[in-house]
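Let the sequences and hints guide you as you build the complete structure.
Residue numbers (this note's numbering), protein chains in the order written: chain A, 1 to 169; chain B, 1 to 292.
Some hints could be false.
As the list claims (entries may be wrong) - Stretches of chain B that chain A covers, calculated by requiring three or more beta carbons in the stretch to come under 8 Å of a beta carbon on chain A:
(1) 4 to 14
(2) 47 to 61
(3) 101 to 107
(4) 188 to 197
Stated by the list, open to error - Which residues of chain A face chain B? A few of them, derived with a C-beta cut under 7 Å, are:
(5) R16
(6) A20
(7) A57
(8) V58
(9) V66
(10) E130
(11) Q135
(12) G139
To be clear, the hints were calculated from the coordinates, so they are not data collected in a lab.
Since the structure is predicted, the reported quantities are computational estimates derived from the model, not experimental observations.
Beta carbons: idealized from backbone N, C-alpha and C, even for Gly.
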Amino acid sequence: MTHTINVTVNGTAYQRTVEARLLLSDFLRHDLGLTGTHVGCEQGSCGACTILLDGEAVRSCLLFAVQVDGHELTTVEGLTPDWDMASTHEDLHPIQIAFREKHGLQCGFCTPGFLMTLVPFLAENPDPTEHEIRQAISGNLCRCTGYVGIVEAVKLAAELLREDDKVTG
Amino acid sequence: MKPAPFQYHAPHSLADALSLLAEHGYDAKPLAGGQSLVPTMNFRLAQPGILVDLNHIPGLAYIRLGSDGDLHIGAMTRHSTVEQDLLVAQHAPLLHETMPHIAHRQIRNRGTIGGSLAHADPSAELPSVAVALHARFRLQSQTGERWVAAADFYQGLFTTDLTPEELLVEIVIPPLPARSGYAFDEVARRPGDYAMVGVAAIVILDAAGRCEEARLVYLSVGEGPVSATQAAAALKGRQPSPDLLAQVAEIAATDDIDPVADIHASAAYRRQLARVLAQRTLARAFERAAGQ
Ligand SMILES: Cc1cc2nc3c(=O)[nH]c(=O)nc-3n(C[C@H](O)[C@H](O)[C@H](O)COP(=O)(O)OP(=O)(O)OC[C@H]3O[C@@H](n4cnc5c(N)ncnc54)[C@H](O)[C@@H]3O)c2cc1C
Ligand code: FES
Ligand code: FES
Numbered sequence: 001m002t003h004t005i006n007v008t009v010n011g012t013a014y015q016r017t018v019e020a021r022l023l024l025s026d027f028l029r030h031d032l033g034l035t036g037t038h039v040g041c042e043q044g045s046c047g048a049c050t051i052l053l054d055g056e057a058v059r060s061c062l063l064f065a066v067q068v069d070g071h072e073l074t075t076v077e078g079l080t081p082d083w084d085m086a087s088t089h090e091d092l093h094p095i096q097i098a099f100r101e102k103h104g105l106q107c108g109f110c111t112p113g114f115l116m117t118l119v120p121f122l123a124e125n126p127d128p129t130e131h132e133i134r135q136a137i138s139g140n141l142c143r144c145t146g147y148v149g150i151v152e153a154v155k156l157a158a159e160l161l162r163e164d165d166k167v168t169g
Numbered sequence: 001m002k003p004a005p006f007q008y009h010a011p012h013s014l015a016d017a018l019s020l021l022a023e024h025g026y027d028a029k030p031l032a033g034g035q036s037l038v039p040t041m042n043f044r045l046a047q048p049g050i051l052v053d054l055n056h057i058p059g060l061a062y063i064r065l066g067s068d069g070d071l072h073i074g075a076m077t078r079h080s081t082v083e084q085d086l087l088v089a090q091h092a093p094l095l096h097e098t099m100p101h102i103a104h105r106q107i108r109n110r111g112t113i114g115g116s117l118a119h120a121d122p123s124a125e126l127p128s129v130a131v132a133l134h135a136r137f138r139l140q141s142q143t144g145e146r147w148v149a150a151a152d153f154y155q156g157l158f159t160t161d162l163t164p165e166e167l168l169v170e171i172v173i174p175p176l177p178a179r180s181g182y183a184f185d186e187v188a189r190r191p192g193d194y195a196m197v198g199v200a201a202i203v204i205l206d207a208a209g210r211c212e213e214a215r216l217v218y219l220s221v222g223e224g225p226v227s228a229t230q231a232a233a234a235l236k237g238r239q240p241s242p243d244l245l246a247q248v249a250e251i252a253a254t255d256d257i258d259p260v261a262d263i264h265a266s267a268a269y270r271r272q273l274a275r276v277l278a279q280r281t282l283a284r285a286f287e288r289a290a291g292q
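So this is what it looks like as structure tokens:
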């Protein structure tokens with residue numbers, strides 16, 4: 001049994017026909033070619049597949065594509081919509097710049113999930129404590145970094161975003 | 001792995017959802033937040049032929065205060081909403097204190113109070129908290145509705161009083177009386193992980209400051225919520241003191257529960273956690289009751 005869905009991903013509207021059992025994570029990767037969303041466990045544990053559904057961080061491996069009909073999604077690709085070959089690292093999203101500066105990643109497998117978890121977290125908590133940061137990333141696993149670099153990156157990201165806020169008012 | 005094929009229905013009314021469940025019986029499963037159901041489908045531990053998505057039914061997500069002081073929560077209310085709701089903080093502070101312990105934010109953004117209560121995971125926080133709060137559940141089927149007390153709802157491992165034709169539609173939490181205190185605590189390896197042991201405590205004092213009633217309900221030590229009834233009986237009529245709490249915690253950990261070992265913790269360690277958590281939560285509950 002298939003279903004036709006309309007969904008907006010990173011500002012672009014898509015219409016696709018999907019099988020009911022197609023996971024949203026697979027829809028993004030295979031049907032839309034947005035391979036920035038990673039899949040680690042398909043049981044909700046690792047957080048690599050985290051995306052924004054109507055602005056809220058959710059696990060894309062625990063939703064069926066058919067469920068997001070009519071909704072708006074943001075994936076990691078949506079953090080740098082104008083990115084192309086000529087872009088430099090200054091064109092990255094402030095959270096990405098902070099991860100780069102503070103060694104918040106090594107292999108990078110977990111990174112999209114961390115970034116998408118942090119976008120709404122830092123919007124709600126512009127000046128988080130270390131404890132709040134560690135709570136916020138508790139649903140994302142990283143097998144490489146030991147988290148210290150990630151926590152430092154979140155602190156820097158919060159700073160950069162606060163400065164951005166001041167500039168743009 | 002990927003889920004086995006199924007038929008997907010997204011009814012726009014409760015009546016349509018109930019008629020689908022009545023028609024398909026055991027072959028159909030309601031889909032709420034999907035935060036427990038979808039992982040089991042991904043692993044093909046569950047292979048329902050038909051999914052009835054509850055997310056498009058209006059009027060199942062709300063939190064409101066009844067004129068009698070009861071708090072009414074619609075089954076499809078998300079964990080995050082319950083966590084941040086001011087009525088819950090004010091009128092069901094035990095529930096408010098519990099919410100951040102349930103999974104991670106990304107999962108709380110989707111998971112629902114009704115889904116968690118209906119799923120009846122023995123390690124879930126909400127069933128034990130609902131039992132401690134003397135919550136009542138409204139169950140609805142095509143043929144009518146009925147009310148079940150939380151304590152009667154849980155019948156064993158992942159087993160409840162719900163029939164395949166029924167939906168849990170509303171949770172009602174009565175207010176605690178005057179001179180009462182509460183506390184929730186658990187020990188988990190990481191914030192958001194299922195707890196190795198957790199416990200909800202409620203105490204009610206009489207006018208002289210003695211314990212009139214105590215409720216201590218554990219999670220992760222049995223097949224569902226486990227009430228430490230002998231410990232509660234030992235508190236009745238007594239003036240709370242650190243010595244008494246130590247004795248009572250011992251009764252709870254040795255006589256009231258019979259935990260099993262698994263990869264997360266040995267049975268002996270679970271008893272130790274049960275002892276420590278009973279002391280901690282009861283002390284906090286008595287403090288809050290006295291401060292009222
Ligand atoms: C990584 C991870 C960690 C987690 N950690 C915790 C934790 O620490 N503590 C905890 O309590 N939970 C935890 N959960 C589970 C989470 O709380 C779920 O939200 C909850 O168990 C189920 O709610 P749901 O709305 O997602 O239900 P679903 O997954 O949609 O449904 C669960 C079951 O209940 C049935 N059902 C759902 N709603 C109804 C209804 N209204 N009437 C009748 N039947 C219904 C479904 O058919 C299904 O059988 C975790 C989940 C994940 C993935
Ligand atoms: S792939 Fe979704 S949480 Fe691991
Ligand atoms: S950077 Fe490799 S898993 Fe996190």
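Hint check results:
For the region 4 to 14 of chain B, the assignment as covered by chain A holds, since 6 residues bring a beta-carbon within under 8 Å of that chain's beta-carbons and 3 suffice. Residue count for the region 47 to 61 of chain B with a Cβ under 8 Å from a Cβ of chain A: 3. That meets the three needed, and the coverage hint holds. Three residues within the 8 Å Cβ limit are the bar, and the region 101 to 107 of chain B against chain A gives 5, so the coverage statement holds. With 3 residues carrying a beta carbon less than 8 Å from a beta carbon of chain A, the region 188 to 197 of chain B meets the three-residue requirement, and the given coverage holds.
Contact between A:R16 and chain B, as hinted, is not supported at the beta carbon level, the nearest pair being about 15 Å apart and thus beyond 7 Å. Annotation: A:A20 was flagged as interfacial toward chain B, and the flag holds, the nearest CB pair being 4 Å apart, inside 7 Å. For A:A57, the interface hint holds, since its Cβ comes within 7 Å of a Cβ in chain B; the closest pair sits about 5 Å apart. Contact between A:V58 and chain B, as hinted, is supported at the beta carbon level, the nearest pair being about 5 Å apart and thus within 7 Å.
For A:V66, the suggested interface contact is upheld, since its CB lies about 6 Å from the closest CB of chain B, less than 7 Å. Hint on A:E130 is violated. Least Cβ distance to chain B is approximately 14 Å, over the 7 Å limit. At a threshold of 7 Å, the smallest CB-CB gap from A:Q135 to chain B is about 6 Å, leaving the interface hint in force. Given the 7 Å rule on beta carbons, the hint for A:G139 holds: about 3 Å separates it from the nearest Cβ of chain B.
Comparing the model with each earlier hint shows violations of hints 5, 10; every other hint is respected.
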